[in-house]
Amino acid sequence: MNDKKLVIFSDTFKPITIFLMMIVLMFILFGFFEYDKGYLSTRNIRMLFTHMSISAIAALGLTYVVAVGHFDMSFYLVGCLAAMTTSYFNKTDLMMNSFMLGNIHAFVIPAVLAGIAVGCLWGLVSGVAVGIFKLDDMVTTIGTGFMAFGMAYFYTKGSFIYDNFLTSGITEINDAKWFAIPFPIILMAALYFISYLFLSRSKHGRCFYATGSNKVAAIFSGVKVKHYIIIAFVVCSGFTSLAAIMTTAAQGVGSVKASLNFLMPAYAAVYIGIAVFKKPTVIGTFFGALFSAIMLNGFTLMALPFYLSDLIIAAAMIIAIMASKIDWASIKKKKSNTAPAIHAN
Amino acid sequence: METTKLRMQGIQKEFAGVKALDGVNFELQPGEVHALLGINGAGKSTLIKILSGVYQKDAGSIQLDGKSIEINSTQDAINNGIATVYQDPQMIPSFTGYENIYLGAETEKKGLFPRINKRNLREKAEALLERFPVNIDLDRTVSELSAVEKEIIAVLRALSKEMTILILDEPTSILTETETEVLFRLIHVLKERKVAIIYITHRLEEIFQIADRLTILREGKNVATLSTNDDETNNHLAVAELMLGKKLDKIYPEKSTSIGDEKLSVDNFSLAGSFNNVAFKVHGGEILGIFGLVGSGVEELGKTLFSVIPKTSGTVRMNGAELSLSSANEAISNGIFLVPGDRRDEGQINDEPIYFNVSLSNLKRVSRATGLIDHKREKHCVQELVDQVQLAARDINQEVSLLSGGNQQKVVISKGLFTESQVYIFAEPTVGVDVGAKTGIYHLIRNLAEQGKAIIIISSDCEEVFGMCDQAMVLYKGHVTLQKSVHECRLEEMLLCGVTGGKTSE
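First to last, the protein sequences are chains A and B.
Going by our numbering, the residue at position 224 of the first sequence is 224; the numbering climbs one at a time, nothing skipped.
Whatever position you read off the second sequence (first residue = 1), add 1000 for our numbering.
Derived from the structure by calculation, the hints contain no laboratory data.
Bear in mind the structure is a predicted one, so any value in this text is a computation, not a measurement.
Backbone N, C-alpha and C define an ideal beta-carbon position, used for all residues, glycine too.
A portion of the hints provided could be inaccurate.
To be verified - Derived DSS-like pairs (lysine-lysine); straight-line CA-CA distance at most 27 Å:
no.	chain 1	residue 1	chain 2	residue 2
1	A	Lys279	B	Lys1191
2	A	Lys14	B	Lys1191
3	A	Lys215	B	Lys1191
4	B	Lys1124	A	Lys215
5	B	Lys1124	A	Lys224
6	A	Lys279	B	Lys1376
7	A	Lys278	B	Lys1191
8	A	Lys224	B	Lys1376
9	B	Lys1221	A	Lys278
10	B	Lys1191	B	Lys1124
11	B	Lys1124	A	Lys14
12	B	Lys1191	A	Lys226
13	A	Lys279	B	Lys1124
14	A	Lys215	A	Lys226
Said to hold, decoys possible - Derived CB-CB ranges, DEER-like:
no.	chain 1	residue 1	chain 2	residue 2	range
15	B	Val1018	A	Ala303	54 to 60 Å
16	A	Lys14	B	Glu1492	58 to 64 Å
17	A	Lys14	B	Ile1174	44 to 50 Å
18	A	Val216	B	Glu1144	43 to 49 Å
19	A	Val216	B	Asp1267	44 to 50 Å
20	A	Phe160	B	Glu1399	31 to 37 Å
21	B	His1375	A	Lys14	16 to 22 Å
22	B	Val1018	A	Lys14	38 to 44 Å
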């Protein structure tokens, strides 16, 4: 059963190697076709990671929910509400009257925190509904999500918010650089590092995975299953809210549709990660997001229309799900037989 | 003698260099119930899977009614009239019994909308019941049926396809004693109709009730084929020894000699609809056994003590101090641990490795102040426990789902040991565990008691309670019908109290 070869590759390094090979291959491919357009330039690679950071942070949040064995269909809509909340605070007089911290108005910070807080609150609602009241996660989060989306319209009846975007300093979330590294990349790196420690290295991480794998056994093992489900939904909505606010800062306009296109890329990143790591992990989601970002960036340089990139990434996600269903070990054995058991006939 | 129904000769099967079957012979007569015995890993399930087409044999021959046949797929097996009935057959719960019997074979008509004539199906089912008389209401939906009735439906489904060889894979492991009787009655009917049955079970006593012959496998080889009518074979211990290949030590360890202080005391303990007014005390070093059939409330009693189910009333004292527990988490932190009976659903995180499972209930013990896990310490602690319980695994990184039943139980017990609790509750500790591993688990439990822990064993196996425990309690329909020291009572008395609740007037 257990080939010696398999043991040499440790459980974590084998999937990482697979990912690195895939990513190198794609760089070579795009680099070859688009060398003249500067694909491999530092500028383009920095841009790639900046673009990636937004969807990667949303996908990271979703990883928590998938780790506890649930689905969240609300996070991308909750992000819209969070983005509008922050934009709304951004346009108030309080903002322009607040003192300056460098080249930003100090009120930007509570405005961003307010957006994230509203997002977390919505995550709490979903988490309580799913974790404590045991409502169906899919339907419930579609409901909570669209409630949030409806709320997002309250601020301006849906029209854009342009006020103060150029003066309050909120765009610095996207534009600032620390040691020549764009701030979004730093945010992404920090959140991924913390999440890696939390999910993969801490005792709490064990409880998330135990909950996702077998809820009843987790309860019998003394895991506070309800708490972890609620935390997962709160983190998911909170991270997505931050990502939505980052999009708002990048676009320089408050829009009710800020994070409306987060859904598919986030699931794609998580499930491409699962395909290689066999379970939802922080590292897997990172590589999944990177993988989509490289494709997206390459296609943009090739001047493919955006809907084609969506189509290709969604197809990559489905291929990833298919790949994760394949039991490679049994294919290696030549005499494998996948005939169904008799009682299924 | 009639012609032999099935003859398997010199069957060989190798998995990655390990011989699972090494020249096994097996014979089946029409109308015979032939028990196939062996501890886990002896090769009985491999043999059955070859016969049902799940695996292909490497060498050997299979003859059916004297003709040589090849079974290359599950479909081949069905075409040759060989069907397997699993202990928990898959059915459509919202369909009625007869709809499930003819599932997928409702009509001969082709086309997009072939009409199904329900009355016709019903009549066919009636005719089937006439041939194989068994007391069952086929108009009820499967979701309303009991475990044994579902198995009967599965058997009838096989019979409707004119199967002549039935493989019953541990059919009674989830049945109560009365349900087992119902199944045995059906088996007798099948025997009269010349259906040949291969019967697999861990319960030795059943074999002498129902089987005509038995074949014992060990390490992929034939050990013996015996007739159950022989007086010599009519001895559980002799058969168990043949299965193990060594002299069986006494299955149950010595009883306790030194009893310590009172650890757990329970008073007036009730759960509405399950059990009433249960009261007992357990001392350190002592094992309390609670016997009751399925549905008697014993299962709920364990879970309520562990606070997975909230109690209706009653008090629980630990070392004299009253506890008010509202979750398993609190029970564990107060020194109570339950080793659940349903390992797959309640005991283990299947797709995670051994170390993940063992440390799960007490992660504090292996984490640093920051909450991060100290992997070195964890590996060290888990390895120590795994050695202590003599777990047979490649290493502690192996997935739990790949282990045998006995070893999975040892993982769950290790998880309990890892919590260093004061009171251990074992629910059905040896269900689905083979004879060899059973003894190991019994000794583990007794060792735990000798370390001064208080132990409660909850079981629907009367012999187990009688053999293992110092104090016995019997529950019948939620009421305590017997409570005394095991030294003062007899096995028959316990069984009677559990099965009928009857007064022990003698």
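Evaluation of the provided hints:
| no. | hint | in the structure |
| --- | --- | --- |
| 1 | A:Lys279 - B:Lys1191 | violated (49 Å) |
| 2 | A:Lys14 - B:Lys1191 | violated (55 Å) |
| 3 | A:Lys215 - B:Lys1191 | violated (44 Å) |
| 4 | B:Lys1124 - A:Lys215 | violated (43 Å) |
| 5 | B:Lys1124 - A:Lys224 | violated (52 Å) |
| 6 | A:Lys279 - B:Lys1376 | holds (23 Å) |
| 7 | A:Lys278 - B:Lys1191 | violated (48 Å) |
| 8 | A:Lys224 - B:Lys1376 | holds (25 Å) |
| 9 | B:Lys1221 - A:Lys278 | violated (38 Å) |
| 10 | B:Lys1191 - B:Lys1124 | holds (22 Å) |
| 11 | B:Lys1124 - A:Lys14 | violated (57 Å) |
| 12 | B:Lys1191 - A:Lys226 | violated (52 Å) |
| 13 | A:Lys279 - B:Lys1124 | violated (48 Å) |
| 14 | A:Lys215 - A:Lys226 | holds (10 Å) |
| 15 | B:Val1018 - A:Ala303: 54 to 60 Å | holds (58 Å) |
| 16 | A:Lys14 - B:Glu1492: 58 to 64 Å | holds (59 Å) |
| 17 | A:Lys14 - B:Ile1174: 44 to 50 Å | violated (39 Å) |
| 18 | A:Val216 - B:Glu1144: 43 to 49 Å | violated (24 Å) |
| 19 | A:Val216 - B:Asp1267: 44 to 50 Å | violated (29 Å) |
| 20 | A:Phe160 - B:Glu1399: 31 to 37 Å | violated (52 Å) |
| 21 | B:His1375 - A:Lys14: 16 to 22 Å | holds (19 Å) |
| 22 | B:Val1018 - A:Lys14: 38 to 44 Å | violated (25 Å) |
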